[in-house]
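From first to last, the protein sequence lines are chains A and B.
Following the numbering used here, the numbering of the first sequence begins with 1 at its first residue and continues without gaps.
Following the numbering used here, the numbering of the second sequence begins with 1 at its first residue and continues without gaps.
Simulated from the structure, these hints should not be mistaken for lab results.
Worth double-checking, as some hints may not be accurate.
[To be verified] To spell it out: a stretch of chain B is covered by chain A in this simulated footprint if at least three of its residues, at any positions, have a beta carbon under 8 Å from a beta carbon of chain A; those stretches are:
no. : region
1   : 60-67
2   : 153-162
[What the hints assert, rightly or not] Derived DEER-like restraints, expressed as beta-carbon distance ranges:
no. : chain 1 : residue 1 : chain 2 : residue 2 : range
3   : B       : Gly-149   : A       : Asn-125   : 19 to 27 Å
4   : B       : Asn-2     : A       : Glu-6     : 44 to 52 Å
5   : B       : Gln-5     : A       : Gln-162   : 31 to 39 Å
6   : A       : Glu-6     : B       : Gln-161   : 38 to 46 Å
For every residue, glycine included, the Cβ atom is placed at its ideal position computed from N, Cα and C.
Chain residues, written in single-letter form:
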Amino acid sequence: MKTIEEKLEEYKQVSNRIQAPLALEGRLRDALQRAPLNKRTNKAVAWLLSTAAALILMIGVYEYPAFAYYLNKLSINSLSFSEVMEQGLGQKIKKSITLQDGAVFTINGVIADDNVFRIYYTIDNRPAVTEYSSYHFERVKGILTDSKWLGGYREDSNKKDQYVGVAEFESVSPFSRTLTLSFVDYPDHGEKIACSISFNFDASIAMKSIVKQDISQFITVDKGRIHFDSMTASPTSTVVKGRYELEEMPRFPGKTMLYVNGVEVAMTSSVWSGTGFVIKYEPFPTNPIQSIELVFKNSEGYHKINEPISLASPSDRSIKVGDEKLWIRSVTKSETGYDVVIARKKFTFLDTDHLSVQAGGNIVPVSSISKERPWDLKNGNIMWEQTYSFDTTDKPEFLLVDGYQYIKAYNKKISIPVDK
Amino acid sequence: MNVSQLVKQAKKGNKEALLQLIMTDQDAYYRLAYAYMGNEHDAMDAMEDMIVTLYEKIHQLQKGEAFYSWSKTILVNRCKAMLRKKKRFLPLEDEREPSACADDNPYRDTESEINMQVLLSHLNAQQREAIELRYVHDLAYQTIAEMTGAPLGTIKSRISQGIQKLKTMIGGDRYENDRGETGGV
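Same shape as in the complex, but just chain A (with noise of 0.2 Å):
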């Protein structure tokens, strides 16, 4: 009979079947792409850059508040909200209410604009926060908005038991007077509680956008068309919206590189849901725009292969298919077969519909295709590696493959208008 340490052992051998499914890697990288980029504001440069602000502000080039920003390059995005405030730029509402467990959770205020409706929140008295408590944003409503939570990031301040942070949604509609924000309040102990705050919204102080247009323009790629449609440059941020028009949603949603006045504005995150996509960058850097150009650097691109790759000489030197490299790395006799293991670059992934080799005059499609593991070409570069397993007697001699998705360098340029 087994010891019971064997059948834990035996138990954890079949658990380890489980594996994470392929997409997993594309739903965590766009659940980090929907988090905001932490910013862990560095007071000083902020204290100096608002003074700076102020000083400009005070000999009077001040016009409105969008562009005052563009003026002084400084960002909205790493002013406190009281720096905000000095600005002109927000609403004050300073409203509160007491959580479950004591904690006070206070709207300082808020700012708006085309592209976001950002809420400036302190909470004081959370007793003792752990990792684990913690509250989630929903979304706020009012008249004509149903503003979905897009991010936002918390720090300490320096206020024992105090906590800043920013709650993002989409922007909201001017004709909304009273707002609602709703959250998940999740304490440490005990069941989570909903919560809602309302607040009166002045409209007055959303901030224009400098460039609002549509751009409705295409590019052709191997798969299809990808569409740029609108763009929308407010002072927190530009937003480029699009869509996919493609025989198949691709893999990985490519570059796309903004450059204003021949500048490039970082960009912030890049999500794409059914067949449209948004991509954020910063907000412009300086005015006035002399232009504004999109370049489509790269995306998911497909490299038919025409010819049987030979196996004959396998070895851990690439050989050259297309734009990419593979690597033959073995050919090995199995107990069921052979097993043929090919390395490739992170994302090339080989087209494993009608893969197979031609071994002994046969055509022999693959039989099973392993997890990918590192190979480490120990020069900076990873190679990723799977074992393609044929059942056949015969040593494969070609590998048949129609061909592969990749990276592709498309580097075509979108010029956008500018009103000059």
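Could you slot chain B onto chain A? The hints should help.
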């Protein structure tokens, strides 16, 4: 890049570094989430929840090498929070449904696993959780203590008492059943 370097990058806000840390051990994370949530959909949701929490809190992590135990603790807590939300996570005194017997589990197909599931179902929920975390998920006692919020000594005794009970069960001659049910292994 090693774990400490990746953690350093992740602390600077590098999302790809954080993703790489998780993907390196993705199956272990997924199995852990799956064990609590019992289906792929919820396990993936829990992992999404986890990675966002990690991203928000990684600056609080003192030692880079503790990343894996720290992040798995957060994963288990996210799972429990989600189960609480769904009201599926019963108090520890109650018996938990054996998660691996959920209908949509594609891996429930061997006698040995079912056998072990039945055996484990005769332990109390705390012993069972500790044994699964230790023997199936290979977690250190200290990590299990952090995950379950119990002192280290308690975890060790839960595991050793659970193992003793399992041994008695398969020993056959002294069938122990502390809930007075009919044993049906």
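Hints, one by one, checked against the model:
no.	hint	verdict
1	60-67	violated (count 1)
2	153-162	violated (count 0)
3	Gly-149(B) - Asn-125(A): 19 to 27 Å	holds (23 Å)
4	Asn-2(B) - Glu-6(A): 44 to 52 Å	violated (35 Å)
5	Gln-5(B) - Gln-162(A): 31 to 39 Å	holds (33 Å)
6	Glu-6(A) - Gln-161(B): 38 to 46 Å	violated (20 Å)
The structure fails to meet hints 1, 2, 4 and 6 from the earlier list, while all remaining hints are met.
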